[in-house]
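Student: Chain residues, written in single-letter form:
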Amino acid sequence: MIAVGYREILSLVFLCAHCVSTLRWLHMFQLNSYKVGVQLRWLAQNKRYWLQDNGIALCVFPFSFLVSFLVSFLAPDGASLASWAFILLFAGQCWRNRPCRMKMKKPLVYTNRIKRMLATYTILVLGTVFLAFRAGSLEIQATELAVAHLLAPGFILLANGINAPLEKAINHRYVEDVRRKLREHPGLMVLGVTGSYGKTSTKSFLHQLLSSKYDVLTTPENFNTTLGVVRTLRERLKPYHELFVCEMGARNVGDIREICDLARPTHGVITSIGPQHLESFKTLENIVKTKFELVDSLPKDGAAFLNLNDERVRAEASRLDESGCKTVTYGFSDSCDYQARDMKVSVEGSSFSVKLPDSTEMRIETSLIGVHNITNVLAAIAVADFMGVDRRDIIVGASRLKGVPHRLQLICRGGDIVIDDAYNSNAAGAKAALDVLALFEGYKILVTPGMVELGPRQNELNENFGAQAAEICDFVILVGQRQTKSVYNGLLHAHYPESRIFVAANLGEGLSRLSAVDAGARQKVILLENDLPDNY
Amino acid sequence: MKIRVGVFFGGRSVEHEVSIISAMQAIAAFDRTKYDVVPVYITKNGDLFVGEHLDKIEKYRDIPSLLKKSQRVFFHRDGDRFLLVQYPMKRFGSSVRAEIDVAFPITHGTNVEDGALQGYLKVFSIPFVGCDVTASAVGMDKYLMKALCKENGLPVLNCSRVYMKAFYGDKNGTITDVEGSLPYPAIVKPVNLGSSVGIRRVGNTQELMDALGYAFQFADTALVEPAIQNLREINCSVLGDRESAMASECEEPINYDAILSYEDKYLSGGKTKGMSAAKRKLPADISLEVRQRVRELAVETFQLLGCNGVTRIDFLMNASSGEIWINEINTIPGSLSFYLWEPVGMPFTRLLDELVRLAFKRRREEAEIVYSFDANILAQFEADGIKSGIKNGIKNKKVV
Chain A
561 MIAVGYREIL
571 SLVFLCAHCV
581 STLRWLHMFQ
591 LNSYKVGVQL
601 RWLAQNKRYW
611 LQDNGIALCV
621 FPFSFLVSFL
631 VSFLAPDGAS
641 LASWAFILLF
651 AGQCWRNRPC
661 RMKMKKPLVY
671 TNRIKRMLAT
681 YTILVLGTVF
691 LAFRAGSLEI
701 QATELAVAHL
711 LAPGFILLAN
721 GINAPLEKAI
731 NHRYVEDVRR
741 KLREHPGLMV
751 LGVTGSYGKT
761 STKSFLHQLL
771 SSKYDVLTTP
781 ENFNTTLGVV
791 RTLRERLKPY
801 HELFVCEMGA
811 RNVGDIREIC
821 DLARPTHGVI
831 TSIGPQHLES
841 FKTLENIVKT
851 KFELVDSLPK
861 DGAAFLNLND
871 ERVRAEASRL
881 DESGCKTVTY
891 GFSDSCDYQA
901 RDMKVSVEGS
911 SFSVKLPDST
921 EMRIETSLIG
931 VHNITNVLAA
941 IAVADFMGVD
951 RRDIIVGASR
961 LKGVPHRLQL
971 ICRGGDIVID
981 DAYNSNAAGA
991 KAALDVLALF
1001 EGYKILVTPG
1011 MVELGPRQNE
1021 LNENFGAQAA
1031 EICDFVILVG
1041 QRQTKSVYNG
1051 LLHAHYPESR
1061 IFVAANLGEG
1071 LSRLSAVDAG
1081 ARQKVILLEN
1091 DLPDNY
Chain B
3 MKIRVGVFFG
13 GRSVEHEVSI
23 ISAMQAIAAF
33 DRTKYDVVPV
43 YITKNGDLFV
53 GEHLDKIEKY
63 RDIPSLLKKS
73 QRVFFHRDGD
83 RFLLVQYPMK
93 RFGSSVRAEI
103 DVAFPITHGT
113 NVEDGALQGY
123 LKVFSIPFVG
133 CDVTASAVGM
143 DKYLMKALCK
153 ENGLPVLNCS
163 RVYMKAFYGD
173 KNGTITDVEG
183 SLPYPAIVKP
193 VNLGSSVGIR
203 RVGNTQELMD
213 ALGYAFQFAD
223 TALVEPAIQN
233 LREINCSVLG
243 DRESAMASEC
253 EEPINYDAIL
263 SYEDKYLSGG
273 KTKGMSAAKR
283 KLPADISLEV
293 RQRVRELAVE
303 TFQLLGCNGV
313 TRIDFLMNAS
323 SGEIWINEIN
333 TIPGSLSFYL
343 WEPVGMPFTR
353 LLDELVRLAF
363 KRRREEAEIV
373 YSFDANILAQ
383 FEADGIKSGI
393 KNGIKNKKVV
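Just so you know, the sequences run in chain order A and B.
Just so we're aligned, residue 561 is where the first sequence starts under the numbering used here, counting upward by one.
Just so we're aligned, residue 3 is where the second sequence starts under the numbering used here, counting upward by one.
These aren't lab readings, by the way, just hints derived from the structure by calculation.
Do not take every clue at face value.
Stated by the list, open to error - Simulated pairs of lysine-lysine, BS3-like, Cα-Cα distance not exceeding 27 Å:
no., chain 1, residue 1, chain 2, residue 2
1, B, Lys-61, B, Lys-46
2, B, Lys-58, B, Lys-36
3, B, Lys-124, A, Lys-798
4, A, Lys-962, B, Lys-124
5, B, Lys-363, A, Lys-741
6, A, Lys-991, A, Lys-962
7, B, Lys-4, A, Lys-741
8, A, Lys-962, B, Lys-61
9, B, Lys-4, A, Lys-773
10, B, Lys-61, A, Lys-773
11, B, Lys-363, B, Lys-36
12, B, Lys-124, A, Lys-773
13, A, Lys-741, B, Lys-36
14, A, Lys-773, B, Lys-363
15, A, Lys-741, A, Lys-773
16, A, Lys-798, B, Lys-4
17, A, Lys-904, A, Lys-991
18, B, Lys-36, A, Lys-798
19, A, Lys-607, A, Lys-991
Input sequences plus hints: build the corresponding full structure.
Tutor: The following block contains the structure:
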């Protein structure tokens, strides 16, 4: 009778421990975009988290063998002590994994999909608990539960697999909903924006400039997948919208085409092509091909806006044949339809002249910093002018442009100047950010965790970044020992003194070192370059 | 997808009925291939109603029974949706009775044309048609409007402002003050009413006294202005915003009593046709130069007051000297002045189109586009500068 009581308590404590741990795996699964392959790869790379997560539960095995061995020798009274030990082990595991211990940058979002997954998960885990409960003895029950705990990441994947047909049906319904909504909105112009980097800033500038003439809907934040576009259109498209600016992101060949099939862009912008997400794309050619799926899907009377400053876009643009839609080029060279020239870049902002297709010129002043922001603004100017926005409105709009938070955003904080580029994580952008840092007078400090998801070239690019930083920075704080190794090497190869590098275990420690850095009488200028999501 | 327009009309105002007429005219004129129109009736108590019978003028003969067939609602914003929600709410199922994208106040007079309704709508950040709060408020207060025009060199008549309490506290003193500043004959009017309500022309002390008493039935402040000899009235409408605005055709209302009274304006012309049927000369019988001058002054006044949408500006003219004064502005004119636009080639349907466009344009201009990301490493700075952020960073040691 008493043993049954222990076994019930054990079941309950296990449930708590399992749920707590599951929420973490679920969170990671969400950050890995619900992709089973990505999650499995992530798990393989991060076995230590799994060990941390299960450290105590793992003790159950030897312990339960020991107990069953002892109990068979000693009096049956030993069972109560063993029961308490099992219960405490699981309780300890639960406490160790308690959610408030982790400070997440982007916490788990309880979307409907997550709720459905949790519902299926609950059935699975209750079934497991029930089966273990039916086991012959306490030790067997504890062993089964320990195995279940070790398999916590698998429970989520299993729940996801069971829900897959349902999710597919729901997504299909949403997509159909959006198609119908778009059919009922025949006058809507759709502007696709894609590129390896620069697309979020360009999208924001497009929104700001085009709004003087049109009611513009823009995909928010980084909603740039098919489902993100579906959600935007479902939830935000209003009858009065005249133009939809749609950021299109890609991790795999065909991603852009899929978004285009749905959103039917009439115009498109390609901002840049770089080695982003090389892990999933495999080759640069695949990236080029994928980005140009946007141009391929434009109607004949549409227009594609191409950034000729980008060598890969330029190369591909020269290959486009006459049969497609109109192409409009922008960049710094003479051959561009919209050419920026006489550029002046300073810590206060940038100014430049734009030569328009009709050979007239307009002078643009913005408070944005960085040369590559000029390219982004130029893209927005080209589209706005092409779409008939009054040129005076373009000049006024450009002078009022606001930068996008965490994308080369200038912030003054407590006497220090902070260049917040936390959302950037590509080599070209990092170089551009260092160039901006170089413009400033003062004691220049770089805080960075390096760059990730760059495939086989990751180490090389990070080393280059380190070498570039060595030329400009007075102090470098590297966040995270493991993935900053190559930046560190890059710095040392460039003969950067080790005494001016600090490797922090995490961002908190990095920032604490930051305030301790002695800049002498000089003003600190801090570049925050890249911030990794929680799954790194 | 059609744009859903909520036409707000009625309200706690002496021009309640006129507003119903104006609203019915507009509702009938909307292009139904582009718009879904939701009539939102504001009762004299300020309750909101929606319902399928609210767009038929004949139903307003018996308002209590009309209200019984309609649904009382409250206005509510849910995210980016603007909803008219049934009150009291249903226990089960949705209580949402209508959703609108833009509000279109077609209301006249106090509490609804004077910035109050506009402010109410603004709180919800719904785009709305017509003048914003400030322009509506200044446009309603004839004294403020004149002061602003005078400051900017636009022609207005001198006037004397009389407060009700001051008048009843010391009638003779007040009258002496007024008589000292203005000659007879004079015009007495409430400071904040349109549609000629409460206005009288006076020729002596006794009449002045009576007229002030009459005006104070409608407002607590009255204006006394010199009456113009050989008076002609010219009205002109303006459409646009601060950036660009244009003037309509000019009309001349025909006056029997030297002033267009409320009865002349709305009641003598027929029961349902509103201002368009009031007796008038359209276009006004004036010289090209006068027409030009009136239209220019109208646009100047419109932009000076920061108006938006369609307004009507009423002028006084001395027929023999040709002098012109700005008399008042109607920020939501009767019948939306559509009859002044038809002669210049803008049918009512297009006028409404243009008004809705201007509402969205203003909303876009006001919007601050901010993109913010919740994954923000700077959140750690924010508590109180860098130092506390660091403490937090250490305390909440990140495991992943």
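Student: With the threshold set at 27 Å, check whether the alpha-carbon distance from Lys-363 (chain B) to Lys-36 (chain B) stays at or below it.
Tutor: 17 Å, holds
Student: Please verify whether Lys-36 (chain B) and Lys-798 (chain A) have alpha carbons no more than 27 Å apart.
Tutor: Roughly 13 Å between the alpha carbons, so the hint for Lys-36 (chain B) and Lys-798 (chain A) holds.
Student: Is Lys-773 (chain A) close enough to Lys-363 (chain B), meaning Cα to Cα at most 27 Å?
Tutor: 8 Å, holds
Student: With the threshold set at 27 Å, check whether the alpha-carbon distance from Lys-58 (chain B) to Lys-36 (chain B) stays at or below it.
Tutor: 21 Å, holds
Student: Does the alpha-carbon distance linking Lys-124 (chain B) and Lys-798 (chain A) stay inside the 27 Å limit?
Tutor: The hint holds at about 19 Å.
Student: Hint check: Lys-124 (chain B) vs Lys-773 (chain A), CA-CA at most 27 Å. Holds or violated?
Tutor: 22 Å, holds
Student: For the pair supplied as a hint, Lys-4 (chain B) and Lys-741 (chain A), confirm whether the alpha-carbon distance does not exceed 27 Å.
Tutor: This hinted pair holds, its Cα atoms lying about 11 Å apart.
Student: Just to be careful, I want the Cα atoms of Lys-4 (chain B) and Lys-773 (chain A) compared with a cutoff of 27 Å; is the pair within it?
Tutor: 20 Å, holds
Student: Is Lys-607 (chain A) within 27 Å of Lys-991 (chain A), Cα to Cα?
Tutor: 33 Å, violated
Student: So if I understand the rule, the pair passes when the alpha-carbon distance is 27 Å or less; does Lys-904 (chain A) with Lys-991 (chain A) pass?
Tutor: Answer holds: Lys-904 (chain A) to Lys-991 (chain A) is near 18 Å, not above 27 Å.
Student: Check the hint pairing Lys-962 (chain A) with Lys-124 (chain B) against an upper bound of 27 Å on the C-alpha distance.
Tutor: Between Lys-962 (chain A) and Lys-124 (chain B) the Cα gap is close to 25 Å, so the pair holds against 27 Å.
Student: Is Lys-991 (chain A) within 27 Å of Lys-962 (chain A), Cα to Cα?
Tutor: Distance of about 22 Å is within 27 Å: holds.
Checked against the numbered hints listed earlier, the structure breaks hints 8, 10 and 19; every other hint is satisfied.
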